[in-house]
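Turn these sequences into a full structure, and let the hints guide you.
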Amino acid sequence: ACGGESSSAPSQTNEGGTTEAGGGEIEEFVYASTSDVAGLSPILTNDSVSANVQEHVYETLFERDTDTGELIPSLAESYENPDELTWIFKIREDVVFHDGTPLNAESVKYTFDKLRDPATAAPRASLLEPVDEITVEDEFTVKITTKYPYGPFLASLAHSNAAIVSPTADQAQDLMSNPVGSGPFKFVSYTPGDQVVLEAFEDYRDGAPDIKKLVFKVVPEISTAISMLQTGEVDFIDNLPSEQIARIESIQNVDIEKKDGTSVFYLAFNQSRPENQDENFRKAVAAAVDRDAFVGKLNGLGLRSDSVLGPMVFGYNESKNAAGQAYDPELAKQLVEENGYGDRTISLLTANRDNFVLMAEIAQAQLTEAGFNVKIETMEWATFLDTARAGQFDITFLSWANLTQDGSEMFYPNLHTDNIGSSNRAQYSNAEFDELVDASRTSVDQEERLNYLDQANGLLLEQNDVVVMYHGVVTGAMNSEYTNLILEPNGKWTLKDVTRK
Amino acid sequence: MITLIVRRVGELLLLLLGISFLVFGSMYIAPGDPASMIGGPTATEADLENIRENLGLNDPFLVQYGRYLGNAVQGDFGYSYQTKQSVADAIAVRFPNTLKLAIASMVVAVVIGLVAGLISALRHNSWLDFTSTTFALAGISIPNFWLGALLILVFAVNLQWLPVGGLSEPFYTAEGFKQLILPAITLGTGSAAMIARMTRSSMLEVVRADYVRTARAKGVKETKVIWVHTLKNAMIPVITVIGLNFGFLLGGTIITEKVFAINGVGRLMIDAIAMRDFPLVQGSVLLVATLFVVVNLIVDIVYTYVDPRIKYE
Amino acid sequence: MKETLLEVNNLVTEFRTKEGPVQAVRDVTFSVRKGETLCIVGESGCGKSITSLSVIGLLPENGRIANGEVRYKGEAIHNLSAEKKRLMRGSEISMIFQEPMTALNPVLTVGYQLREPLMIHHGMSKQQATTRGIELLNQVGIPYPEKRMNQYPHELSGGMRQRVMIAIALAGDPGLLIADEPTTALDVTIQAQILDLINELKDRLDMGVMFITHDMGVVAEVADRVMVMYAGQKIEEGPVEEIFDRPKHPYTRGLLGSVPNVDDPTFELHPIPGTLPSLTEQIQGCRFHPRCLFAMDRCRQQVPPEDDLGNGHYVSCWLTREEAVSDGVGTNDEGTATRSEDAPLKVAQR
Amino acid sequence: MSTTFSVETPQVRTKKKDRFVVSTMKRLLKNKLAVVGLIIIAIQVIMALTAPWITSYDPATQQLTKSELPVMSEGHILGTDNYGRDVWTRIVYGAQISLVVAITAVTLGLLGGVVLGMLAGYYKKWDAVIMRFVDLLFAFPGILLAMLIIAILGTSLINVAIAISIWSIPTCARIVRGSVLSIKEKEYIMAMKSMGASDLRIMVKHILPNALAPIIVFATMRMATAILSTAALSYLGLGAQPPTPEWGAMIAQGQDYMWTSPHLTVIPGIAIMLTVFAFNVVGDGLRDALDPNMDLN
Amino acid sequence: MVLAQTTKEQQQEAKTPLLKLHNVKKYFPIKGGLLKRVQGHVKAVESVSFELMEGESLGVVGESGCGKSTLGRTILGLEEITDGQVYYRDQEIQNLKRHEKKKFVKEMQMIFQDPYASLNPRQRVGDALVEVFSMHTNLSAKEKRDAVVDLLKEVGLKEEHFDRYPHEFSGGQRQRIGIARAIALNPSFIICDEAVSALDVSVQAQVLKLLKTIQEKYNLSYLFISHDLGVVRYFCDRVLVMYLGNSVELAKVEELFETPLHPYTQALLSAIPRPSVHANVKRVRLQGDLPNPANPPSGCPFHTRCPIAQDVCVQSKPEWQEYQPEHFAACHFAGKSILEGADV
Ligand SMILES: Nc1ncnc2c1ncn2[C@@H]1O[C@H](COP(=O)(O)OP(=O)(O)OP(=O)(O)O)[C@@H](O)[C@H]1O
Ligand SMILES: Nc1ncnc2c1ncn2[C@@H]1O[C@H](COP(=O)(O)OP(=O)(O)OP(=O)(O)O)[C@@H](O)[C@H]1O
Ligand SMILES: [Mg+2]
Ligand SMILES: [Mg+2]
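Residue numbers (our numbering), protein chains in the order written: chain A, 1 to 501; chain B, 1 to 313; chain C, 1 to 350; chain D, 1 to 297; chain E, 1 to 344.
Treat the hints with caution; some may be incorrect.
Simulated restraints on C-beta separations [to be verified]:
| id | chain 1 | residue 1 | chain 2 | residue 2 | range |
| --- | --- | --- | --- | --- | --- |
| 1 | D | 26 | C | 173 | 48 to 54 Å |
| 2 | B | 176 | D | 29 | 46 to 52 Å |
| 3 | C | 20 | E | 78 | 43 to 49 Å |
| 4 | C | 200 | B | 210 | 24 to 30 Å |
So these bits of chain A aren't anywhere near chain D, every CB distance computed over 12 Å [stated by the list, open to error]:
| id | residue |
| --- | --- |
| 5 | 73 |
| 6 | 141 |
| 7 | 213 |
| 8 | 344 |
These are calculated hints, taken from the structure and not from any lab test.
All C-beta atoms in this analysis are idealised placements derived from N, C-alpha and C, irrespective of residue type, glycine included.
Take a look at the structure:
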């Protein structure tokens with residue numbers, strides 16, 4: 001892997017050293033993630049780590065343009081939308097799965113039906129929830145009808161869990177441990193808890209990638225992973241923690257890539273509690289929390305905007321950048337004083353991972369400053385999800401990665417009345433808001449949708465129902481021997497174009 | 001001996017029954033829904049309900065536990081909720097790493113512990129004794145997550161002598177051996193200290209025994225007094241400590257595995273608990289408990305060789 | 001008279017303790033001849049064991065011979081090098097201890113422990129040592145010696161263990177055997193066996209024996225000569241008949257008066273009041289005076305010198321110099337001290 | 001009248017004070033390491049008790065503009081952490097937490113262990129049942145047990161204390177049982193039985209005080225373990241709730257800054273190590289002072 | 001000093017046995033095997049019967065492990081009796097309820113062998129004695145203390161000893177404390193289990209004298225367990241000889257020492273080292289060791305070591321018979337001298 005030039009890396013691979021002239025194939029490329037994949041079947045998983053691997057093995061009908069964020073066809077060649085409820089997709093004809101099976105309309109129907117089937121218990125079955133029926137029109141044409149007009153449908157199809165799997169393979173083997181897709185990399189081996197190894201798919205339609213062997217390694221401690229990046233044991237890591245950015249920057253043989261992202265981190269109120277329905281209370285909280293100072297702490301890995309839909313999300317409107325209650329400690333203190341908000345103990349629920357603790361600690365300190373009486377309750381993820389879903393908190397921090405980069409996909413699960421008791425952890429219920437979101441979901445006119453989403457966004461900010469802490473910045477750090485990493489705003493990345501510098 | 005083994009196996013089965021009930025019960029009452037861990041934050045209530053039904057989580061506790069036991073008796077320890085992989089397979093992949101780590105740590109612990117303990121005892125009250133006692137106590141006092149991080153910082157990142165993490169290479173290769181060093185030290189230090197302490201006090205006690213005086217009265221050489229008439233007797237309590245520590249090591253690899261990116265059972269366990277992956281938690285806890293009992297059984301058997309007074313009928 | 005084996009002159013043994021140095025043996029002089037048994041008697045803690053350990057050179061770490069000398073066959077041995085002392089132990093002087101349970105190493109076979117001195121002192125091969133070991137076990141009266149060689153101490157009874165200890169002690173053909181209360185832990189019937197064995201071996205091998213005990217019965221049984229110790233000092237010494245029939249020191253008489261006689265139904269006990277002083281206690285004059293019923297002013301001020309009463313009988317007591325001993329104190333036929341007036345307990349009225 | 005027996009005791013006259021405690025302490029103070037340990041513990045206790053007076057900062061107050069100041073910065077002798085909180089203040093308040101959690105955990109664990117061990121040792125018929133239960137806890141990997149308990153009870157220091165206490169029970173029960181088994185055979189227990197003393201009286205008044213030495217040593221050593229375990233659990237994110245200045249949590253948090261501000265991990269690391277070391281050496285010293293031949297395993 | 005005395009003759013005439021044992025047995029189960037089931041028994045006491053009169057001292061002698069202590073404990077109910085009856089003043093006392101037992105607890109006391117182990121080392125001796133009164137009387141604190149001080153004086157200690165710990169006393173003094181505790185509740189019967197064995201001769205003599213004085217004062221009965229025949233001869237009125245859990249001989253002390261009937265008694269007597277250079281006792285040495293009480297020999301338990309054993313001794317167990325008035329023995333050849341059968 002190390003090419004001819006001297007490298008600071010102590011031999012991380014035993015086959016290192018063999019090189020060839022020219023553009024340079026990359027014999028082995030190692031990516032480290034802090035947790036293991038749940039599995040390798042897009043149908044049965046729903047986590048970003050698994051998605052990272054799956055992105056390289058499978059393909060979806062549509063994808064986002066990395067720069068513009070627009071949806072562009074991928075496996076699909078084109079689509080028609082004859083009426084609001086009907087979608088006709090033309091599938092590319094030159095695609096084969098790694099096992100040799102040709103990818104066609106039948107494969108698409110098979111995959112989607114499997115995903116929808118309750119017996120499969122697919123975690124992301126809801127992606128295709130609006131789908132009514134899927135029919136194969138001809139070898140490479142598939143028609144999908146929906147139960148109701150569904151605006152973000154194409155975005156759903158670009159979701160990595162909607163990737164197309166090889167029906168023959170799915171029937172023959174367990175895709176969870178032995179995946180077969182049509183992507184640029186072919187599955188080699190999976191050691192649970194340790195690593196997934198892929199190799200370049202020589203018959204890939206756009207030509208085989210330079211990376212010949214791609215390793216997804218589990219390194220649970222990010223510090224360890226960074227150390228390994230430094231010693232050359234690892235070539236690429238993503239999701240750089242803001243606390244360590246300075247350290248990574250100081251490492252010589254590593255390049256950092258950054259890009260504005262779609263994820264949003266926000267403070268939410270438990271709106272099922274009457275105390276929290278008090279508009280002034282929320283206003284006081286919003287005024288007390290200094291988001292600018294907080295974003296400053298992120299060392300450039302956060303984007304400051306009041307808008308719930310960030311710049312990289314469909315539905316964003318610049319005008320909402322400062323539409324929320326601005327930081328105003330005096331106002332906060334005054335409100336607290338006037339209304340006696342300091343008298344009750346506010347439980348600030350937070351999961352003990354990512355930046356949540358950071359947000360909680362800073363917010364707690366600032367709220368305390370303003371006169372509130374806040375007690376942090378950290379929980380492990382599993383308990384947090386349950387506790388939040390059941391609405392046992394006053395304030396919490398939530399986040400949304402928004403893989404589809406579509407505003408409806410943020411608002412509907414997180415804030416729509418339909419989802420109270422499940423993903424609407426804020427227990428937020430506002431008829432006007434629901435209406436706007438429904439409209440944005442059912443309309444297929446993108447301009448119209450933009451408008452609905454912006455109005456909904458405004459509604460939330462006006463009443464400080466959501467206090468946005470920051471929007472994520474997508475990051476990756478790669479060994480500087482290599483280049484051409486594709487980072488997407490939703491946090492996904494592709495290594496298929498990576499080449500030696 | 002056979003009776004001992006048979007009885008211990010019987011006790012082990014009872015123990016495992018108890019532990020499995022405890023684990024099952026605690027996972028059952030613990031908040032956190034496995035379904036929502038599978039479904040992720042986006043899952044709808046319908047998705048979750050579907051998953052729950054699919055995993056049989058809606059059945060009453062005793063039905064679930066009974067089903068688990070029934071399968072376990074037939075050697076089927078279930079499938080991971082998350083990965084759908086069989087628990088046996090999931091553990092089989094990781095166990096060699098944990099075992100490797102535990103054995104390497106034990107080697108470190110025993111070698112350092114015995115040497116330090118013996119030096120302490122034989123140079124009783126000298127500065128060597130004082131130093132080694134101090135180090136032993138310091139060894140027990142270091143939080144191992146901290147020690148691990150410091151070792152990485154010094155030996156892997158700054159000096160670049162040893163790899164930062166991983167345990168993928170076979171231990172007999174140079175690379176594999178190097179991979180083992182830091183984690184083994186991190187994990188073994190505490191045990192080394194305990195063994196050193198026990199060796200020291202046991203030696204000091206035995207040296208005062210009447211039979212040592214007898215040996216001297218016979219005119220036995222001082223070196224032989226130590227190696228023949230003292231050491232074996234002194235080792236008896238030390239063996240217990242070694243056995244117990246090995247048992248603890250097997251169950252205590254969690255933090256070391258995390259720090260050194262080792263794919264072992266310890267990490268599997270915490271991940272499984274965090275993900276509410278009941279079958280995996282069960283499987284790995286039962287494994288660790290079994291090992292603990294087996295190791296102690298071996299210790300008991302070793303006893304009969306070291307101490308002829310011990311007889312198990 | 002047989003040749004003198006062991007001579008101990010003015011032995012002082014000192015311990016370093018937290019309270020400073022203490023003397024456990026204070027200026028003790030005695031000797032043992034070939035084929036003779038010297039019994040050392042005295043209450044627990046009077047320094048019997050320490051005396052014997054000083055002789056064989058096995059004092060505890062904090063102990064040392066502060067003064068005096070120990071000679072074996074005329075040669076001073078208390079200041080030999082550690083290595084020379086080691087070679088002397090087991091071959092010239094052997095020792096057996098009180099607790100046969102703990103004096104043998106529980107994890108080594110009887111055979112191993114028995115072969116060891118043979119190989120060390122006679123340079124025997126393992127084979128030879130085994131053969132000789134079996135002979136030795138036979139000699140000390142252990143049935144099935146071949147089988148015993150492969151057994152562990154815990155598989156033997158207490159009496160058998162003590163026999164093994166004796167066999168080990170004899171293995172190096174020592175000239176002097178030190179037996180430190182070898183029968184205290186045993187039952188009377190077993191004790192009788194062991195005492196017979198030691199007597200027999202002594203005669204057969206013409207050894208000198210230093211026999212430590214606090215049981216006057218045992219003394220009468222085995223001793224040729226007796227040395228009585230009190231609080232680290234020798235207070236009386238003499239042939240066994242002298243000591244039993246004409247005890248001179250009130251302490252010796254007290255000891256004899258404290259042991260009920262099995263054969264005499266009319267026997268009355270005459271206990272010595274009080275207890276042994278601790279090592280640290282400062283006592284002026286005779287160390288026994290606080291417990292002595294006949295203590296005089298002189299006793300409280302001056303240490304009594306040792307008087308030679310002839311016949312090998314020595315005593316350190318001012319009373320022997322006073323002619324008026326018989327005033328109030330007589331000696332009965334048995335030689336036990338009696339007093340005209342008893343010293344009963346003061347029993348308060350309830 | 002007749003002569004009176006002198007029954008003067010040569011020993012020094014007794015003060016009303018408990019000689020056992022005094023003499024143990026005397027012996028303990030002869031042990032240099034133990035003295036060092038005692039001093040460290042004393043300092044820690046003082047720090048814990050006087051926290052508000054020896055620092056003018058609040059452990060939770062942030063100064064985001066003054067974050068990650070190095071050691072010996074102006075106004076912040078040990079620097080500040082990533083939130084600009086004064087590290088010295090947090091260490092001082094952390095001492096409180098470590099002590100309180102450890103004491104709670106050890107006390108609860110002792111309670112359980114002593115009761116179980118006492119019953120098992122004293123009543124033959126209960127022995128098997130209790131000891132099997134103890135084996136069960138024993139065979140259960142420690143951290144895992146704690147994690148399960150915390151998973152059930154939720155993340156908080158109190159639950160950490162409970163988890164650690166449960167974890168202490170088996171060892172304590174074994175030690176107590178061992179002592180009880182040997183003490184039970186002592187003649188003074190037989191004597192009390194022959195006097196018609198009740199089992200409860202025998203256990204509480206006659207066995208317990210004599211089984212105390214190993215329990216005290218165990219408790220001291222367990223303090224060390226408890227502090228370490230609390231830190232480990234906090235490190236795993238299962239202990240202290242932010243912004244509680246728990247040392248383990250401080251290490252975990254500081255670890256992200258290990259390369260830029262190493263003092264954030266090194267200082268709490270040293271604090272833990274010193275404290276744990278102190279309890280260990282004192283425990284060790286106590287063991288020697290109480291009974292050099294005692295076997296804790 | 002006026003002692004409340006009744007002469008021994010008077011007591012004997014009264015003929016009310018204070019304590020009566022009838023075929024008392026005590027077996028300890030040996031557990032083993034896979035399920036720890038009972039695999040056999042240590043027959044620690046195998047059928048012992050005797051009567052003890054008021055004011056009398058009965059010695060129990062025998063080798064270590066022959067069941068002396070077990071017998072004592074069984075009488076006190078500290079060990080559950082396996083079979084047989086124990087009567088105290090004609091009332092059967094085994095299997096009594098707790099509250100019924102209390103009465104007898106005051107009546108029957110025990111003094112133990114090891115002066116270092118028989119006092120709670122963490123309890124001041126005064127408190128230890130006070131506790132006795134607390135358990136059985138309703139005295140006030142002051143009264144209790146006074147009573148304890150009296151007791152201390154009674155056994156030759158002083159009031160100032162009240163606040164001391166056991167380790168501050170010598171062995172002999174501790175034994176006095178043990179005696180004080182035993183007599184605190186005014187018992188009629190005391191079991192002395194090797195009460196003087198661990199003491200130095202000089203101290204032993206002191207304690208024996210004290211025990212005698214007290215006996216006379218309170219008309220106590222002693223069951224005096226010892227392996228020292230000299231002490232027994234000095235101290236006791238009658239002697240029971242035990243061997244391997246069996247009573248082999250019982251007689252008045254003079255008679256037993258002058259004309260022992262059982263070969264074991266004879267051997268025991270001949271094995272005692274006499275503290276006199278003039279004693280000329282014919283010695284018979286017993287061969288071998290005590291058999292294992294878990295696996296006793298058939299027939300007469302002594303036959304394996306008996307110099308005069310015949311076939312009948314191997315086959316049948318001799319009965320416990322009264323050969324002379326008040327002189328019991330269990331031997332097929334009772335009265336035969338072992339000197340005849342032994343190679344001396
Ligand atoms: N290592 C030591 N350090 C200090 N004092 C000691 C040491 N060993 C023995 N002593 C003291 O020396 C004195 C004599 O002890 P020694 O063992 O000789 O007594 P003994 O006559 O053999 O008694 P016993 O009959 O109990 O065996 C005792 O007071 C004892 O406490
Ligand atoms: N609790 C017990 N469990 C099992 N066996 C016992 C128990 N107590 C005593 N024994 C056994 O019963 C037998 C008689 O014991 P006991 O203590 O009564 O003998 P002893 O005559 O008092 O001996 P010693 O003179 O040594 O005190 C011994 O073999 C002993 O091992
Ligand atoms: Mg001695
Ligand atoms: Mg007994």
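Checklist entry - Since residue 73 of chain A was said not to touch the interface, does its Cβ keep a gap of more than 12 Å from each Cβ of chain D? => result The claim stands: residue 73 of chain A keeps its Cβ more than 12 Å from every Cβ of chain D (closest is about 42 Å).
Next on the checklist: Is the claim that residue 141 of chain A lies outside the interface with chain D correct, judged by CB distances over 12 Å?
Outcome noted: holds, 51 Å
Next on the checklist: The hint says 48 to 54 Å between residue 26 of chain D and residue 173 of chain C; measuring C-beta to C-beta, is that right?
Outcome noted: holds, 50 Å
Checklist entry - For the pair residue 200 of chain C and residue 210 of chain B, does the Cβ-Cβ distance stay inside 24 to 30 Å? => result holds, 26 Å
Next on the checklist: Is 43 to 49 Å respected by the C-beta to C-beta distance linking residue 20 of chain C and residue 78 of chain E?
Outcome noted: holds, 46 Å
Item to check | Assessment of proposed distance window 46 to 52 Å (beta carbons of residue 176 of chain B, residue 29 of chain D) | outcome: Roughly 50 Å apart at Cβ, these two residues keep to the hinted range, so it holds.
Item to check | Least C-beta distance between residue 344 of chain A and chain D, which was stated to exceed 12 Å | outcome: Given that every Cβ of chain D is farther than 12 Å from that of residue 344 of chain A, nearest at about 18 Å, it holds.
Next on the checklist: Minimum C-beta separation from residue 213 of chain A to chain D exceeding 12 Å: can you confirm that?
Outcome noted: Holds, since 30 Å exceeds 12 Å.
Of the numbered hints stated above, none is contradicted by the structure.
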